[in-house]
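Undergrad: Residue numbers (this note's numbering), protein chains in the order written: chain A, 4 to 389; chain B, 37 to 166.
By construction, these hints were calculated from the structure, which means they are not laboratory data.
Predicted model, so just to flag it, every value in this text is computed and none were measured.
Every residue, glycine too, gets a C-beta built ideally from N, C-alpha and C.
Check each hint, because a few of them may be wrong.
To be verified - Label pairs and their in silico Cβ distance ranges: (1) A:G305 - B:D69: 32 to 40 Å; (2) B:R164 - A:M99: 47 to 55 Å; (3) B:E62 - A:R123: 19 to 27 Å; (4) A:E21 - B:E125: 31 to 39 Å.
Said to hold, decoys possible - Covered by chain A, according to a simulated footprint, are these stretches of chain B (three or more residues, beta-carbon under 8 Å): (5) 79 to 85; (6) 97 to 106.
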Amino acid sequence: MAHELRGSAAIVGIGLTEFGELPGKNHLEVLAEASHYALADAGLGMQDVDGLFVSSMGRVFHPLHAAEYLGIQPSHIDGTNVGGSSFVNCVQSAAMAIRTGVCNVALIAYGSTSRSNRKRKFREGNPNAGAFHASEYQPRNPIISYAFAAARHMHEYGTTRENLAQVAVSTRQWAMKNPAAEMRDPLSIEDVLGARMICDPLTLFDCCLVSDAGAAIVMVSAERAKDFPQKPAYLLGIGSATTHDQIAQMPDLTVTPAAQSGPRAFAMAGLTPADIDVAEFYDAFTINTILFLEDLGFCKKGEGGAFVGDGNIGPGGSLPVNTNGGGLSCVHPGMYGMFVTIEAVEQLRGQCGERQIEGANIALANGNGGVLSSQVTAIYGSEAAL
Amino acid sequence: MTDTNAGPFAGPGPEQHFREGLEAGEYRLQFCDDCSKNIYYPRAVCNHCGSPNSSWRIASGKGTIYSTSVERTKPEAGGDKNIALIDLEEGGRLMSRVVDMEPSDVTIGMAVEAFIGEIDGTKLILFRAA
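The following block holds chain B by itself, in its conformation from the complex (with noise of 0.2 Å):
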């Protein structure tokens, strides 16, 4: 059997790294040693090529949209809001929310860039035009 006290697998797994960043207040991706791609999000072994090694560097925020939509919502439900799949200049693709802007003027193709923000007391990755 493997040891598994040492090695890739040792200590707190990627999620939790990821999360510190957030707090941190570090945009942190994960980047396999073996393809070079980024592994998004980050897992615990890459999901291009079933590495386990992989090392973090932080996001340079820059990302473009992939699909967008808005979600029509009443007025009194906190109106319209967009949400989006962003695609990161390093590679990898998440969904998340355009804010600062009319939901429906975040179009395919628009460049954007990330910020942390945070929702109900959950940090998080959000987005603003670029």
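This is chain A alone, in the form it adopts within the complex (with noise of 0.2 Å):
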């Protein structure tokens, strides 16, 4: 029987800038132009771009700064770099993602000025280099971002300092009953409120921890799932969205791609926020988790702070949210994303001791990148959730 991918995708559009030296221009620029010859190849606009596979020898962050230098909110995003075959690696994924239907249109881009930098000052394999970057203002990156989201959400909502305080309290509760957190002392709303400020309106405590740690994963398809010795946790849903790189480019600071991504993966799943037993989100700070609550539809917008502020997400409210205790309280190794997963997993197996939701059978995984840039909302059912 033929694969799965044989004769499932084709390419349709192809674009070239000139070669050699291009002087005056930065890598984005190069490819943009090469990205719009492509799609005007193809009969097609930017917009109708909605899965976007770039690699780049400089920037971690690369694909979302792509995506927003290019305006566009992909359904889909890929940055995998290994090496100089990237760019057919990206062909096989964007086929994958194609066959799925997590993309329609899938757009595999590169510029480079490598020859120009020679000369210059800056430099795309430089994090501070040009192409519009607000490095130049020295920020105090990722805290002042999440700063300015806290700040806009007070202003527009009413939200308060003492709501933000609550997440790190409630968080802290979970904490306690994990033996494997590091912060297990008690915390008050007076500790975070009194705590050194690092970036106003943001304290010590409304600040995830900063760890060494691994973590990993394994997965098989649901046919085999079976035939493993731990429960599985099936895959019900799944929705990725990135609206931005930098923080001066989201659209709405109050409104984060996970009102995308939460929608899409809601839809996959055939389920709705009333059926999510337990809720792991990446809390890098306090204001994450009120902005998630919101946009992945566990309130109306506005309503995270007195959602928090009533004690819903602690031990014994109505959502159970980071019952490990987040990054906030259990472990934060610069990037948090495997553990949401891992405590999602736990929570259906039944394996989380005194922190363990009773007949937890759906779990919603939600992690965040960049700067509130990228969300991607997993939704995954023990075997009586299929």
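Hints given; two lone chains; assemble the complex.
TA: Listed below in structure tokens is the structure:
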């Protein structure tokens, strides 16, 4: 039988810029020019692109910067760097993405000014390179970006510093039930408000930990899953979204891409927020939890502060959130995305001891990337939820 | 294939034109010829509609604070500093710093005006109270 991908996708547009030396251009200008030609060749416009595949020798968040630069908000984004073969690797990823319906129009793009860079102050390999990166202002990122979002949420919706502090307190209450959590001492609202101010309005306890840690997961097909010793956590739905790279380019500081990734995941799963037994969010800062509660539909926009203020997310609350203690109190090794998944799986297996949510069959894990730039929402279920 | 020697992508890119403006004492803004919006920051294609056609104008320099924070820093390390997001009168938003006032006195909605300043030898747009 033929492979599922055989004959399943085709290249319909190609674009090339001039070669040699392109004086006065940066790498994203070259990438955008080639993209424009390829889309024109295909009779398509930039806004038709919903899958973006890029790879860079330089910045870690290049896929986000490229999407921001092109002015698109793709539902699938891939920036895997395996060296020069990355763009062939992208073809395979794009074919799979198209086959599975997570995107319809895939743009694979690259731009470089390697020759001109030899004469330049701004180099693409330097994270402080030109291409309009706000790092010129030497912001204390990522904290400052989340501080801007918190300040704006307070301004628009009357969210208070006490509401933010309650996120830290509820999350700590979960951590106190997790022997593996780093921070297990009791924490009060006063402790959070009285801690050292880092970037107004965020104090030390509004910010996640900085840890050393590793994590990994293994996935197999659903047909094989039952042959393994552990109770499977089935992927019921998943959705990805991105709206920007740099915080100044975020369309609305009070609405994250989770407002897109959440509905995509729920639609795939055929579920609603009311079906979720336990939720794990990437809580790099306390404002994250409030934003994700709203954007994923657990409460209305602007009501996240009051929702956490009522104690809903802590032990005994209506929606258990970050039952391991989160990035705020359990662990945060630079990038925390693996840990939302692992806690969701452990809850579905029923292995969480004192913090176990009784009868948890459906768990949501929301990963955050950049400065609220990328959100990927996954919904997992036990066999009973299939 | 397209002829790349002529057309909207010919010559130096928009970043160089913007930076040359700063050196010449001009805050240059790029507007899309097709959808008329301010392309901010300047790009090879419009981030609103994908068009490669654009024209330049000098900014009014008028802006409004969209969000603001204070980076709390020990006095020996330079002291507290304001950092803010500013909405330009012409549309578009940037990160910058509001200077020449108490960092914590900068508030959301406050009117500010741009000037060309310098951080570590790089010319860039800074703001003061209007």
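Undergrad: For each hint, tell me whether it holds in the structure or not.
TA: To see whether the hints hold, each was checked on the structure:
1. A:G305 - B:D69: 32 to 40 Å: For D69 (chain B) against G305 (chain A), whose Cβ atoms are near 38 Å apart, the range 32 to 40 Å holds.
2. B:R164 - A:M99: 47 to 55 Å: 52 Å, holds
3. B:E62 - A:R123: 19 to 27 Å: 22 Å, holds
4. A:E21 - B:E125: 31 to 39 Å: Taking Cβ atoms as reference, E21 (chain A) and E125 (chain B) lie about 37 Å apart, which means the hint holds.
5. 79 to 85: Check passed, 7 qualifying residues.
6. 97 to 106: Satisfied; 5 residues make the cut.
The structure meets every hint from the earlier list without exception.
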